[in-house]
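Let's have the full structure, built from the sequences with the hints guiding it.
Heads up, the sequence shown is in our numbering, so the first residue is 1 and it goes up one at a time.
Keep in mind the hints are simulated off the structure, nothing from the lab.
It cannot be assumed that every hint is accurate.
Stated by the list, open to error - Here are the computed distance ranges between Cβ atoms for each label pair:
no.	residue 1	residue 2	range
1	D59	R202	35 to 45 Å
2	G149	N33	39 to 49 Å
3	D148	E43	26 to 36 Å
As the list claims (entries may be wrong) - Below, in silico cross-link-like pairs of lysine to aspartate or glutamate (DMTMM-like), each with a Cα-Cα straight-line distance of 25 Å or less:
no.	residue 1	residue 2
4	K204	E110
5	K65	E10
6	K199	D153
7	K199	E43
8	K141	D169
9	K141	E47
10	K141	E203
11	K141	E130
12	K3	D181
13	K104	D153
14	K141	E10
15	K144	E110
16	K65	E130
17	K204	D181
18	K199	D89
19	K104	E130
20	K65	E43
21	K104	D139
Ideal Cβ placement from N, Cα and C applies to all residues, glycine included.
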Amino acid sequence: MSKILIVEDESDIADLISMHLTREGHEVSCIGNGLQVLPAAIEQQPELIVLDLMLPGMDGIQVFKRLRADTRTATIPVIILTAKSQVTDKITGLELGADDYLTKPFSPRELYLRISAILRRVKKVTHVSEIQRGRFMLDRKNLKLYLDGTPLDLTTIEFKLLTTLMENDSAVHSRADLLRDVWGYNSDVATRTLDTHIKRLREKLGSAGDHIVTIRGTGFQFQTELAASQPA
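Next comes the structure, spelled out in structure tokens:
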């Protein structure tokens, strides 16, 4: 059983989602105002948040930014719900680090399957406690990265992306493989999003971002030991 927070101001949709997830054995709570989300997430510590982008009080994008900016909620996986007219917001949410999205109207069964896929990936990430590669140490149990012994805050997606690259260091990962392994789906939007996440991950790593190498025309590679021609 997992704790799931539903953020949806349309009560009929919230009730429908809650009914299906409760039937599958999850513990569900619902909120309909954007201003209430961060305090509730801090208090409840859900394992996943389903976040509608059209909310009273504070829109979903601002809510998402607040969740990611607070260390107590930064790593909670988030699925965003959008209307067809909110394509720009959907792209923004994915680029900011949302784990997945669904466009209304959607099937409660599809939402359940996507939630299950994300929860499985999170549990898989935490199965082996640590990955050590040179200057990098990933604490998979607590979803933390240590660079030269100093902790760095990563979003859930950034952590999964780095984990995938580090698990098979020196292997070249195609964009299609990373989209499948990290996000669990493939789309034109996700291709752009992948490049954005790689860019932001490198920025967070500073000079150590050079360990994530772009293989032109193919994808990306994590190099524990940098080639002599590359800056350290």
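Practice problem: Could you tell me which of the hints above the structure violates, numbers in ascending order? | Solution: 1, 4, 7, 13, 14, 15, 16, 19 and 21
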